[in-house]
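**Student:** Taking the hints into account, I'd like the entire structure generated from these sequences.
So the chains spell out like this:
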Amino acid sequence: MKCVYCFQPVHPKTDWRNAFLPGRPSRLCEECMNGFEVITEGCPRCCNPRYSETCPDCRHDSALLSNTSLLFYNDFAKEWMARFKYRGDYELIASMSVFLPYFVRGKAVPVPLSDVRVEERGFNQAEAITELLMKRPRPYLKRSHSEKQAKKSKQERERGANPFLPVQQVRGNLLLIDDIYTTGTTMKQAAAVLKENGADSVRGLTLFHS
Amino acid sequence: MFSGQWLLKQELPDYIDPSTLPAHPGIIRRQCQRCGNKARYKFARFPHAACGKKCLYCRNCILMGRVASCEVLYEMPSSVQLPIPDTLKWEGALTRHQQHAADEIKNTVIRRGQLLVHAVCGAGKTEMIFPGIEAALARGERVCIATPRADVVRELYPRLRQAFPGVPAAALYGGHSAQVTYTPVVLSTTHQLYRYKQAFDVLFIDEVDAFPYHNDPSLQRAAREAAKPDAAIIHLTATPGRKQKNIPKVFVPVRYHGHPLPVPMFHLFPRIRKKLPHIEAGDRQLLIFAPTISRAEEIAAELCVPHVHSDTPEREEVIDAFRNCKIHTLVTTTILERGVTFPSVDVYVIDAGHDVFDEAALVQIAGRAGRSSDDPDGDVRFYMEGKTDAVIAARDAIKKMNKRGYNT
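Protein sequences appear in the order of chains A and B. Using full-length UniProt numbering, the first residue of the first sequence is number 1, and each one after it goes up by one. Using full-length UniProt numbering, the first residue of the second sequence is number 1, and each one after it goes up by one.
Just so you know, these hints were derived from the structure itself, not from any lab. Note that beta-carbon positions come from the ideal geometry of N, C-alpha and C, so glycine has one too. A portion of the hints provided could be inaccurate.
Computed, partial: chain A to chain B, Cβ under 10 Å [stated by the list, open to error]:
#: 1; residue: Val4
#: 2; residue: Phe7
#: 3; residue: Glu30
#: 4; residue: Arg83
#: 5; residue: Arg87
#: 6; residue: Tyr90
#: 7; residue: Glu91
#: 8; residue: Glu119
#: 9; residue: Glu120
#: 10; residue: Ala128
#: 11; residue: Leu132
#: 12; residue: Glu156
#: 13; residue: Phe164
**Tutor:** What follows is the structure in structure tokens.
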């Protein structure tokens, strides 16, 4: 088998953990796997790895109950993301399967992209993650077109109007899914719209936390 | 610059209407039409929002944008190029050996076909191709100089501009912004050739045996496709491999300043993997080669000097600083083994017995020393645990080239 990221052959190792039962299949070679840093400790509400207690951003209440991020957004992850999201290498999402939890609660709501962005990229990266979690994506939200968040400062992001629009009334506990949590503005805006339209609680799951 | 390229829809310049261009399907029979990739594991499917189906796309050339089966590549039309006479403004003189090779190159440009120029390190390969380029431009032909290394492109570009001041030229390498006008001379990395189809009448491939070109069939195919079917293809190298055996060949055994190549000295040093030998700073600048990136970092930390490797973000600045003598000692990996010229350096190789240093790499590394006529010698030292076949073969090859140079 070839590594999904660098195309070098992968040599699976046998040890006591996988000698009798096969472990989780990894599509990454060991070197690429070591490029990612798993977040083990962080802010209990948003997983910000720079804090061990509640971080300043999370001290005031927001519609987003909590957020889980899996990996630190280091230089290796940035390169991975550039290839996955901006170059459009969809298959790379398979390399994330080892880092994802086996099971997560809640109805999965991938953060939508505007129609312009979907046409540009060809796919929605949040839906790719939802599919990898083997959850049904629920189209509860729409997004109007705006400038890329990545090109704005924190103040600009918070001042900007909420781009999300509800599609229907919702019920139950929801799980918002996105690729990266930077300031949390996107997630909080989406969570606020879901909350207003009847969600009991909204939690978040993102691959990376910068 | 765009003309002769096959571009994706998002790569097209804004002022061009895609419907006016000839379009080619992106993937035919599981072969990427841009990079020629056929390997099954380098294709994947993704749920394409535009057509609602799972579309096939190529992962080999994904870094240049996604080629999908449902999308098309637009062929940018080729412009008519008028003959440009008297373009060469370079005023240096060629030596007897250089002149011989330059004549052969010029003949190949005019007669078409292939040629391998085997010139020792520091023979002045760049100057030898100038008459060939001039001849091609005078005939109204488009010239491409391709090389596997981006550093070589960066170094060659100013020299080319100096020699041909009146000719527009473009330099293409990854991460470099594109120029829009048509240029009769294109300087590019071999990866950028993926975008060109039947665009060039004359194609120079510098350092044909360098990584990654020498063992990547898809790059070799890209080079073949970028040239027109009846193009002249000229390979340049100091260390030809086995693949270039059946091509007509011209050999330049002497450096342009006429002095022999520095022969490497062997220093056996049993603990080289762990410890550094005592390195004293001489008058010349010092270039230290390390086998791996991590080892380069260790050595640089121990000697308190800068280092460059393929992942260094400020690589260009460090190399420029070293070239301008602002840095005395530089630690590097094999990225600087070829194509770069520093006027007066000593070269030390740490752990020359390591697998990454094959014969060609060691010959090239030894060729970094003594490249200027003011200072034609340079210390070349190989520090190693024990002699390996590659090390001995490299020294023998250098001695043999020196011998051939002075017997003819």
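**Student:** Each hint: holds or not?
**Tutor:** Quick rundown of the hints versus the structure:
no. : hint   : result
1   : Val4   : 9 Å, holds
2   : Phe7   : 7 Å, holds
3   : Glu30  : 15 Å, violated
4   : Arg83  : 6 Å, holds
5   : Arg87  : 5 Å, holds
6   : Tyr90  : 3 Å, holds
7   : Glu91  : 4 Å, holds
8   : Glu119 : 6 Å, holds
9   : Glu120 : 7 Å, holds
10  : Ala128 : 8 Å, holds
11  : Leu132 : 12 Å, violated
12  : Glu156 : 26 Å, violated
13  : Phe164 : 19 Å, violated
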